[in-house]
Amino acid sequence: MLKRFFVAVWLWLKGAGIAVAKWFKNWFVKVDGKDIIPVRIGRWFKSLFVSTNNQPPQLVVLYQKDGTKSVLSSLLCVGAGIAIGLILLILVALFSKDLQANNVFRGFFILISGVFYTGNAANMSVGFDAFQLGNYLTRVTPLILTGLSVAIAFKTGLFNIGAPGQYLMGTMASLLVAMSIPATTATAQFFVWLLALVVGVVAGMLWGCIPGAFKALLNVNEVIVCIMTNWIAGNIVTWVFSGSQFVNPKSPGFLYKTNHFGIQNPRLGMDLLFPGSWADGGIVIAIVVAVMVWVMLNKTTFGFELKACGSNRHASKYAGMNDRRNIILSMAIAGGLSALGGALYFMNGQTEFQFSTTYQTLPSVGFNGIPVALLASSHPLGVVFSAAYIAFLEVAGTKVSSFADYNEYISDLIVAVIIYFAGFSKLIKDLLSTKRRKSKQVDAVQPTTQSKEA
Amino acid sequence: MVTLIQSTLTYMIPLMIVALAGVFAERSGIINIALDGMMIIGAFVGALFVYILQDKQFGIHLIIANGQGQWVFLIVMLLAAIAGAVFSLLLSFSAIKLKADQTIGGTALNMLAPAISLFLINMIASRPYLAADLPPWLGEGPSPYQSGTTSWFIIQNEHLKGTVLEPFFSKMYISTYITIILFVVLSVVLYKTSFGLRLRACGEHPQAADSVGINVNRMRYVGTLISGALGGFGGFLYVVYSANGAAGGDVQGAGFLALAIMIFGNWKPKGIALGSLLFGLLKCISVLYNQLDINGDGVALLANIGLPSYFYNILPFLAVLIVLAFTGKKSRAPKAEGIPYDKGMR
Numbered sequence: 001m002l003k004r005f006f007v008a009v010w011l012w013l014k015g016a017g018i019a020v021a022k023w024f025k026n027w028f029v030k031v032d033g034k035d036i037i038p039v040r041i042g043r044w045f046k047s048l049f050v051s052t053n054n055q056p057p058q059l060v061v062l063y064q065k066d067g068t069k070s071v072l073s074s075l076l077c078v079g080a081g082i083a084i085g086l087i088l089l090i091l092v093a094l095f096s097k098d099l100q101a102n103n104v105f106r107g108f109f110i111l112i113s114g115v116f117y118t119g120n121a122a123n124m125s126v127g128f129d130a131f132q133l134g135n136y137l138t139r140v141t142p143l144i145l146t147g148l149s150v151a152i153a154f155k156t157g158l159f160n161i162g163a164p165g166q167y168l169m170g171t172m173a174s175l176l177v178a179m180s181i182p183a184t185t186a187t188a189q190f191f192v193w194l195l196a197l198v199v200g201v202v203a204g205m206l207w208g209c210i211p212g213a214f215k216a217l218l219n220v221n222e223v224i225v226c227i228m229t230n231w232i233a234g235n236i237v238t239w240v241f242s243g244s245q246f247v248n249p250k251s252p253g254f255l256y257k258t259n260h261f262g263i264q265n266p267r268l269g270m271d272l273l274f275p276g277s278w279a280d281g282g283i284v285i286a287i288v289v290a291v292m293v294w295v296m297l298n299k300t301t302f303g304f305e306l307k308a309c310g311s312n313r314h315a316s317k318y319a320g321m322n323d324r325r326n327i328i329l330s331m332a333i334a335g336g337l338s339a340l341g342g343a344l345y346f347m348n349g350q351t352e353f354q355f356s357t358t359y360q361t362l363p364s365v366g367f368n369g370i371p372v373a374l375l376a377s378s379h380p381l382g383v384v385f386s387a388a389y390i391a392f393l394e395v396a397g398t399k400v401s402s403f404a405d406y407n408e409y410i411s412d413l414i415v416a417v418i419i420y421f422a423g424f425s426k427l428i429k430d431l432l433s434t435k436r437r438k439s440k441q442v443d444a445v446q447p448t449t450q451s452k453e454a
Numbered sequence: 001m002v003t004l005i006q007s008t009l010t011y012m013i014p015l016m017i018v019a020l021a022g023v024f025a026e027r028s029g030i031i032n033i034a035l036d037g038m039m040i041i042g043a044f045v046g047a048l049f050v051y052i053l054q055d056k057q058f059g060i061h062l063i064i065a066n067g068q069g070q071w072v073f074l075i076v077m078l079l080a081a082i083a084g085a086v087f088s089l090l091l092s093f094s095a096i097k098l099k100a101d102q103t104i105g106g107t108a109l110n111m112l113a114p115a116i117s118l119f120l121i122n123m124i125a126s127r128p129y130l131a132a133d134l135p136p137w138l139g140e141g142p143s144p145y146q147s148g149t150t151s152w153f154i155i156q157n158e159h160l161k162g163t164v165l166e167p168f169f170s171k172m173y174i175s176t177y178i179t180i181i182l183f184v185v186l187s188v189v190l191y192k193t194s195f196g197l198r199l200r201a202c203g204e205h206p207q208a209a210d211s212v213g214i215n216v217n218r219m220r221y222v223g224t225l226i227s228g229a230l231g232g233f234g235g236f237l238y239v240v241y242s243a244n245g246a247a248g249g250d251v252q253g254a255g256f257l258a259l260a261i262m263i264f265g266n267w268k269p270k271g272i273a274l275g276s277l278l279f280g281l282l283k284c285i286s287v288l289y290n291q292l293d294i295n296g297d298g299v300a301l302l303a304n305i306g307l308p309s310y311f312y313n314i315l316p317f318l319a320v321l322i323v324l325a326f327t328g329k330k331s332r333a334p335k336a337e338g339i340p341y342d343k344g345m346r
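Chains Z and V, in that order, give the protein sequences. Mapping of the first sequence onto my numbering: residues 1 to 454, in sequence order. Mapping of the second sequence onto my numbering: residues 1 to 346, in sequence order.
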């Protein structure tokens, strides 16, 4: 048995060794009828730009892919948003007495550099500030998750405007668990954290089920139920926490930070990467979840059913899929994702949860999930980037407000403009493809004219 | 009782007219999720004009002090409506001309409105809100304003106190009457005129409407414009009623509530009136439960039960959900809403 194992390993090693040796040899000599590698690389580069073997240039193939066009149109939207931001900066400077031309330049510079801007009133500079970047990552974490929440609902043909409520319910449930179970040892604290996270997600899933069930079983528009459940959640949260022992007496209206009870997200090395900041493993978890959602949507039967239900509910039902189950499950997953965002953000250990105002003002992170999902055209991996960009703009906005007459709402304006243009993404994509189609038609016409001449 | 009726009206009126705004857009085939944004723009423009007009050089404070403030109120209401209509063009342009996704466009407008308002408010007032209530007395000598006047928007009619007419004519806003008249007139327009029929046809089957010579896109522009005007108007009313005219780029999600009431009312004026009445009443109870004295024996019944205010806050939302659970099966959105009009489609 052992001998056979060693023989197998030896054979494998031999094979691998020969393959590596062949590869090195191939750099200089033809092997097995294949051209030497530099030639092949050259041919590959050529194929990027010139059509070979009746294949159009590979760059064109890439460009014609739907995904590429989506990315391009999103980038165009971002560009348009920034351009309008610049126009605004100039307009404000024109009408203001305190602002000069170089302020416009500086404001624009900050808008573009965002979290990397390390300058102050006297000088402008760009750099890697670990504290700033780490805190920025903690802001991105919940945004990715609420964005995913909205995106997965969009894929199922639902508009999940209930992310704020689900976010609040997740926060509430996980904070209740994290703060009420005493844990002293590091292991116990880790398990309490895990339990809190799971309870939070389950609470969010249940909360998300409500609009799903209303939509699937009672034929009630999910938007209206989401809005109602948002406000109910906001009130419940304030109700549950007001007067409880979790309220921090030093700052009324806020709860204790979770590290007061020894509970916080595992750092997963992020504290070493960004020393002194709040950065934690939440961002890693969020990105892993985004990948999982992508796999679920694109590589599993369930994901296919969700998308089928989103494309045409009746057709999917006709094809034998359970449309009601899919709607409810989709909303439940959406709720769980939002709740995970809330739980991760407020179990960071340094963040404080203000429970006293939720019954009047719903958390904006929940609503910001909508632009995040829209900018990414509901692609789970795109959501990671669009969340990062929207959080980036928020940071940039607060920095711009350090100048007189500029204020942080310029970033909100830019985000709004970007989303307005994102509505045209289909139009932009069409425009991008018509250009190609025209040139193709020209290609198709040319041979015939040549043959006529001949 | 008087307080109950009057505060129910103050909560009900803005929601009612904004929900009707939603009907005009959606019945013409445009999903108007941007009601909230239109309200915010209306609120901002209204508050802005009151803020500007109270500047000493316009002498408006003298007009208001003379008790003629209602004219100012009327003009500002009109301006707010115009602002809402202009703002709605952004939605109709993207939805009709560019055939963009209407939910996305609406969401963008919902974000754009508070951003624009707060951006400008911060620039104008150097603080995050514009207060438009009692203008400061800028003249010489003591202020001529009547003492005890909470807001110059309100018509006092002190002499009606104690009569049957009190709940409806004393301490009322002129806008309440205007809104009710507007609501009735527009409902009649929607259901009893050819214009209304054409508008509704565009939301149900635009191709059929086109085949009999109705310009679908123009109808949709008009529907959205009316919607924007009513939304802006309702938004200004909302801040006058709830915050005495102080606008801070926020209407506490009232536009979404109006949207909910529109769906609740099944896209019909009658349902909307009922829905907003129910919602307004419950909302009023949630605010006043502590001092509400229904049978007049001097005991606030609900305060003695000892439930926290949050319970009463939840009630209106819960009630809407429960009613919807029973009526949802019959709910029917306009068939062609959200679908850009394409002549070639069957």
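None of these hints come from the bench; they were simulated from the model. Remember, it's a predicted structure, so these values are computed and weren't measured experimentally. Beta carbons: idealized from backbone N, C-alpha and C, even for Gly. Do not take every clue at face value.
Derived pair list, reagent style DSBU-like, types lysine-lysine, alpha-carbon separation capped at 35 angstroms [as the list claims (entries may be wrong)]:
#1 K426/Z to K192/V
#2 K192/V to K329/V
#3 K317/Z to K329/V
#4 K270/V to K299/Z
#5 K69/Z to K270/V
#6 K329/V to K171/V
#7 K171/V to K343/V
#8 K268/V to K69/Z
#9 K330/V to K97/V
#10 K317/Z to K335/V
#11 K329/V to K268/V
#12 K429/Z to K335/V
#13 K69/Z to K335/V
#14 K192/V to K97/V
#15 K426/Z to K299/Z
#16 K192/V to K307/Z
Selected chain Z positions facing chain V (in silico; Cβ < 8 angstroms) [what the hints assert, rightly or not]:
#17 V29
#18 V31
#19 G33
#20 F214
#21 L432
Item checked: Pair hint K329/V and K171/V, alpha-carbon separation not exceeding 35 angstroms -> violated (41 angstroms)
Item checked: Restraint satisfaction for F214/Z [CB to CB of chain V, less than 8 angstroms] -> OK, holds: F214/Z within 8 angstroms of chain V, min 7 angstroms.
Note to self: For K69/Z and K270/V, compute the direct alpha-carbon distance and say whether it is at most 35 angstroms.
What the structure shows: violated (47 angstroms)
Next item on the list: Measure nothing beyond the straight line between the CA atoms of K426/Z and K299/Z; if it is 35 angstroms or shorter, mark the hint as holding.
Entry: holds (25 angstroms)
Margin query: Can you confirm whether the C-alpha distance between K171/V and K343/V stays at or below 35 angstroms?
Written below: This hinted pair is violated, its Cα atoms lying about 53 angstroms apart.
Note to self: Would the hint linking K192/V and K307/Z be met if the CA-CA limit is 35 angstroms?
What the structure shows: violated (42 angstroms)
Next item on the list: Take a quick look at whether K192/V and K97/V sit within 35 angstroms of each other, Cα to Cα.
Entry: Judged against 35 angstroms, a Cα distance of about 29 angstroms means the pair holds.
Check: Under the criterion that the straight-line Cα-Cα distance not exceed 35 angstroms, is the pair K330/V, K97/V satisfied?
Finding: Holds, at about 33 angstroms.
Notebook entry, point to check: Given the proposed pairing of K317/Z with K329/V, does the C-alpha separation stay at or below 35 angstroms?
Noted result: holds (18 angstroms)
Notebook entry, point to check: Are K317/Z and K335/V close enough, with their CA atoms no more than 35 angstroms apart?
Noted result: holds (20 angstroms)
Margin query: For K270/V and K299/Z, compute the direct alpha-carbon distance and say whether it is at most 35 angstroms.
Written below: Between K270/V and K299/Z the Cα gap is close to 48 angstroms, so the pair fails against 35 angstroms, i.e. violated.
Notebook entry, point to check: Was the hint right that V29/Z lines chain V, CB cutoff 8 angstroms?
Noted result: Check failed: Cβ of V29/Z comes no nearer than 57 angstroms to chain V, outside 8 angstroms.
In summary, the structure is inconsistent with hints 1, 4, 5, 6, 7, 8, 16, 17, 18, 19 and 21 from the numbered list given earlier, while agreeing with the others.
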